[in-house]
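Quick note, the sequences are listed as chains A and B, same order.
Each residue of the first sequence is one higher than the one before, starting from 1 at the first, in full-length UniProt numbering.
Each residue of the second sequence is one higher than the one before, starting from 1 at the first, in full-length UniProt numbering.
Worth flagging that the hints you see were computed from the coordinates, not collected in a lab.
Wrong hints could be hidden among the right ones.
One copy or two, it doesn't matter: identical chains are merged, so the pair holds either way.
Here are the simulated BS3-like pairs of lysine-lysine, each with C-alpha atoms no more than 25 angstroms apart in a straight line [to be verified]: (1) K13 - K230; (2) K13 - K160; (3) K198 - K13; (4) K31 - K84; (5) K302 - K31; (6) K31 - K160; (7) K193 - K160.
2 protein chains.
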Amino acid sequence: MEVGLSDTRFLSKIATSDGHGENSPYFDGWKAYDANPYHHQNNPSGVIQMGLAENQLSFDLIQEWIANHPEASICTPQGVFDLKEIALFQDYHGLPEFRYSIANFMSRVRGTRVKFDPSRIVMSGGATGAHETLAFCLANHGEAFLVPTPYYPGFDRDLKWRTGVELIPIDCESSNNFMVTLEALEYSYNKAKESNIKVKGLLITNPSNPLGTFFDKETLKTLVTFINDKNIHLVCDEIYSGTVTNENKFVSIAEILEEFPTICDHNLIHIVYSLSKDMGFPGFRVGIIYSYNDTVVNIARKMSSFGLVSTQTQHMIASMLSDNEFVDNFIRESRIRLAHRHDMFTNELAQVGIGCLESNAGLFFWMDLRRFLKEPTFESEMIFWRTIISEIKLNVSPGSSFHCKEPGWFRVCFANMDDVTVMVALERIKSFVHQTRMLDEIKTLGKIKTKKQCWQNNLQLKLSSRRLEDIMSPHSPLKSPMLQAQY
Amino acid sequence: MEVGLSDTRFLSKIATSDGHGENSPYFDGWKAYDANPYHHQNNPSGVIQMGLAENQLSFDLIQEWIANHPEASICTPQGVFDLKEIALFQDYHGLPEFRYSIANFMSRVRGTRVKFDPSRIVMSGGATGAHETLAFCLANHGEAFLVPTPYYPGFDRDLKWRTGVELIPIDCESSNNFMVTLEALEYSYNKAKESNIKVKGLLITNPSNPLGTFFDKETLKTLVTFINDKNIHLVCDEIYSGTVTNENKFVSIAEILEEFPTICDHNLIHIVYSLSKDMGFPGFRVGIIYSYNDTVVNIARKMSSFGLVSTQTQHMIASMLSDNEFVDNFIRESRIRLAHRHDMFTNELAQVGIGCLESNAGLFFWMDLRRFLKEPTFESEMIFWRTIISEIKLNVSPGSSFHCKEPGWFRVCFANMDDVTVMVALERIKSFVHQTRMLDEIKTLGKIKTKKQCWQNNLQLKLSSRRLEDIMSPHSPLKSPMLQAQY
Numbered sequence: 001m002e003v004g005l006s007d008t009r010f011l012s013k014i015a016t017s018d019g020h021g022e023n024s025p026y027f028d029g030w031k032a033y034d035a036n037p038y039h040h041q042n043n044p045s046g047v048i049q050m051g052l053a054e055n056q057l058s059f060d061l062i063q064e065w066i067a068n069h070p071e072a073s074i075c076t077p078q079g080v081f082d083l084k085e086i087a088l089f090q091d092y093h094g095l096p097e098f099r100y101s102i103a104n105f106m107s108r109v110r111g112t113r114v115k116f117d118p119s120r121i122v123m124s125g126g127a128t129g130a131h132e133t134l135a136f137c138l139a140n141h142g143e144a145f146l147v148p149t150p151y152y153p154g155f156d157r158d159l160k161w162r163t164g165v166e167l168i169p170i171d172c173e174s175s176n177n178f179m180v181t182l183e184a185l186e187y188s189y190n191k192a193k194e195s196n197i198k199v200k201g202l203l204i205t206n207p208s209n210p211l212g213t214f215f216d217k218e219t220l221k222t223l224v225t226f227i228n229d230k231n232i233h234l235v236c237d238e239i240y241s242g243t244v245t246n247e248n249k250f251v252s253i254a255e256i257l258e259e260f261p262t263i264c265d266h267n268l269i270h271i272v273y274s275l276s277k278d279m280g281f282p283g284f285r286v287g288i289i290y291s292y293n294d295t296v297v298n299i300a301r302k303m304s305s306f307g308l309v310s311t312q313t314q315h316m317i318a319s320m321l322s323d324n325e326f327v328d329n330f331i332r333e334s335r336i337r338l339a340h341r342h343d344m345f346t347n348e349l350a351q352v353g354i355g356c357l358e359s360n361a362g363l364f365f366w367m368d369l370r371r372f373l374k375e376p377t378f379e380s381e382m383i384f385w386r387t388i389i390s391e392i393k394l395n396v397s398p399g400s401s402f403h404c405k406e407p408g409w410f411r412v413c414f415a416n417m418d419d420v421t422v423m424v425a426l427e428r429i430k431s432f433v434h435q436t437r438m439l440d441e442i443k444t445l446g447k448i449k450t451k452k453q454c455w456q457n458n459l460q461l462k463l464s465s466r467r468l469e470d471i472m473s474p475h476s477p478l479k480s481p482m483l484q485a486q487y
Numbered sequence: 001m002e003v004g005l006s007d008t009r010f011l012s013k014i015a016t017s018d019g020h021g022e023n024s025p026y027f028d029g030w031k032a033y034d035a036n037p038y039h040h041q042n043n044p045s046g047v048i049q050m051g052l053a054e055n056q057l058s059f060d061l062i063q064e065w066i067a068n069h070p071e072a073s074i075c076t077p078q079g080v081f082d083l084k085e086i087a088l089f090q091d092y093h094g095l096p097e098f099r100y101s102i103a104n105f106m107s108r109v110r111g112t113r114v115k116f117d118p119s120r121i122v123m124s125g126g127a128t129g130a131h132e133t134l135a136f137c138l139a140n141h142g143e144a145f146l147v148p149t150p151y152y153p154g155f156d157r158d159l160k161w162r163t164g165v166e167l168i169p170i171d172c173e174s175s176n177n178f179m180v181t182l183e184a185l186e187y188s189y190n191k192a193k194e195s196n197i198k199v200k201g202l203l204i205t206n207p208s209n210p211l212g213t214f215f216d217k218e219t220l221k222t223l224v225t226f227i228n229d230k231n232i233h234l235v236c237d238e239i240y241s242g243t244v245t246n247e248n249k250f251v252s253i254a255e256i257l258e259e260f261p262t263i264c265d266h267n268l269i270h271i272v273y274s275l276s277k278d279m280g281f282p283g284f285r286v287g288i289i290y291s292y293n294d295t296v297v298n299i300a301r302k303m304s305s306f307g308l309v310s311t312q313t314q315h316m317i318a319s320m321l322s323d324n325e326f327v328d329n330f331i332r333e334s335r336i337r338l339a340h341r342h343d344m345f346t347n348e349l350a351q352v353g354i355g356c357l358e359s360n361a362g363l364f365f366w367m368d369l370r371r372f373l374k375e376p377t378f379e380s381e382m383i384f385w386r387t388i389i390s391e392i393k394l395n396v397s398p399g400s401s402f403h404c405k406e407p408g409w410f411r412v413c414f415a416n417m418d419d420v421t422v423m424v425a426l427e428r429i430k431s432f433v434h435q436t437r438m439l440d441e442i443k444t445l446g447k448i449k450t451k452k453q454c455w456q457n458n459l460q461l462k463l464s465s466r467r468l469e470d471i472m473s474p475h476s477p478l479k480s481p482m483l484q485a486q487y
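Using the sequences and the hints given, assemble the complete structure.
Here's what the structure looks like:
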């Protein structure tokens, strides 16, 4: 049976509030993919999943390491004698070697420019659990965090749902590449104050999801000075730090504290980390809180009882991430492959005139489709997006689901698929653009001014009477069902 | 560095409230053990851990299964090709084969008398996460659950800390073997009502931690009828169901619903399960919510994002627990070994006149030391308990930490140690009893009436000047440092 929603009597407000946020288009796109997933042979007209920030490009390296290290697992003849000790271990400090290996990995991802203290490593159920834990530690029900937009849609669930904490957007704009300015910060802070909402912190993602950009040193210093002046916390989500392709330019908040130790009260600084993105292990649920505040470390650790990492996983990760030769090679190779995929994808798009925000981190880029909207409104964005999903069959995520202030931006994930799928996706996008151009030209020539509606009807008829794989053939003259959405 | 508590400025009430409950003697005992753990050779005078409900007796069976099933792991040459798919899987429904195997295991633990629907299996970060999730789903801040005493100390953290839910004790008494009566239920319910506290549910552990007993069918029917009459939820923690030694007599709430389908609104019934106790896998953090309420299944599943089980672990568990030959043999053999250990331990205690509540489940028994207290107060219990920890060096858990109404009861865990350690623990207890008897006899003869203080001082001097292993020698005339506490 499929369990659905039915009897909501006697349940809590949290249970019946929809605060989990799954009614957003972000998750709707996933459902559309799940209902009709693309497959080269079995379902070539299915939806291609470009809404999932997965890092699939370097699994061969991990597979090779595991094959060479049977002693790292409690499920091999070489490792099974550790089974009892590992299966029974449930101390919320975590295996000491696990904390050491995570601290080591975090340092190496940042080019060993900073060190992390293993005694400050607190585990949690993914970054999801880490964010909720920090929200529980830092703010009371009704208090708020400032968050620059666009931001990861899951934050509404992670920080707000069960804690009662609020998120207040800091609106950022394409005119300055969505940078966070002191003016925007002050504006949002003061607006919250005017509404009698107590601001307890600022939450940033660095590198940014969905932008794929990261903060420069001066901006970070501005943010740190701001939160110190206001006596509020700074939560830095750095779960994409290992995906930065020009690594030397990335600046972690840890480096700011090391380079400018007196810039702020360190008790206000907290980092969220995870192995879901940099290593590509979302299934293993390794979330990390690294706080410079002793009490937060202590309390978050007690809260970690609600989402400890399986010791089976801790044990394996401890071996893998303390092997520096492997770690350094993996990070280097992963960056190269991500950069290659990113550049290939965005270059191809550029060739058909689709621009993207310049970026060099993350597992996605921020695609500018503003000119394709009928009107610069979120209604148009949604109409356009629904057609992308249902007709072009690409699950990209609309900017509105990231609380973006400007309609027409879309997040495109590029590292969760193989090369063939990338080519199919690009082909579908190019087809659409060519078709659009053709129509534009016809329009410009004034030839369809009076016949537009008639033409559209014809197109619609044709589209619905043909199987999509035929339509999507590169040889078909009618390659873009997006026309319906656009005109 | 060791991270401590320091700067609590700007943190939440939850973070600064001590609501995690770790300041109870239950956890203090663990700390005493951690500071000085017993070891046969290296630290024979250390504290023996009898406060930890671990099931260590059947690990050889699991080890054997793992050695014979390398394909069940993603970290073996036979299984590594599943690595990518498993590491990337993060759907909060869980691996379908994992849910199936858990439903299968739950059924077989209950003698296949009931079936469980895999689509209702919701995972969570251990039973700890399961209880919190249910509390978040079923009750608002300030609302309450009734809980029969004595109950597991962790419930205060699990159900109350971050949810703001209250627990209201139902006082049970030794006079009827701590059974839950309708009168006690009604009394607590009405008392809450008088205090304007909204009761949203009843929480029971079946089998009971700390009692090691389980509910008979008639009592279960009474409870179900009660909660149905009041329109409140029933949460049944059945995490020890596989430890019942006379298995045929155990009745799960699932059996009540199957045998008497109209006895209540099934939407009100929720089971908490785990592999930490029955399988002995606390490190793997496999907690389960099985709810008969569709909305709770749906919402709890969304909440499980905060504490999903590592897919590495899901994958292995799925193989292991769908092997019925292994499962049936493991359950049978584990029950036999637990029964043997339980009976041996309690029989030895009986020989020196120490009684225990009759029980046949759990990884512990409920030891009656009331006659050893100076006075029937919790102050005396604490004085006595501190001396047990610091002098006899056994970490047993005092009844007060389980909210027991009567002073003088202690929970003794028996399945987290090997046979040699059991013998040492028994020897220490017997020594104490013999010494006590000797003193009692001397007292009765009236020989030390005037010299008591002087004698005590001498004893204290001797104790502090001798190494404990000498004192604890079975040949020593001065075997019990407990004398200090008792007189």
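Going through the hints against the structure:
1. Taking identical chains as interchangeable, the C-alpha atoms of K13 and K230 lie at most 25 angstroms apart only when they sit on different chains, with a minimum of 20 angstroms there against 33 angstroms within one chain.
2. Taking the closest pair of Cα atoms, K13 and K160 come within 25 angstroms of each other both inside a single copy (13 angstroms) and across two copies (16 angstroms).
3. Proximity of K198 to K13 under the C-alpha cut-off of 25 angstroms is found in both arrangements, the shortest distances being 23 angstroms within a copy and 14 angstroms between copies.
4. Only between protomers do K31 and K84 lie at most 25 angstroms apart by alpha-carbon distance; the minimum there is 22 angstroms, versus 40 angstroms within a single protomer.
5. Proximity of K302 to K31 under the C-alpha cut-off of 25 angstroms is restricted to the inter-copy arrangement: shortest distance 15 angstroms between copies versus 35 angstroms within a copy.
6. Proximity of K31 to K160 under the C-alpha cut-off of 25 angstroms is restricted to the intra-copy arrangement: shortest distance 23 angstroms within a copy versus 35 angstroms between copies.
7. Taking CA atoms no more than 25 angstroms apart as the test, K193 paired with K160 passes inside one copy only; the shortest distance there is 19 angstroms, against 31 angstroms between copies.
In the structure shown, no violation is registered for any of the earlier numbered hints.
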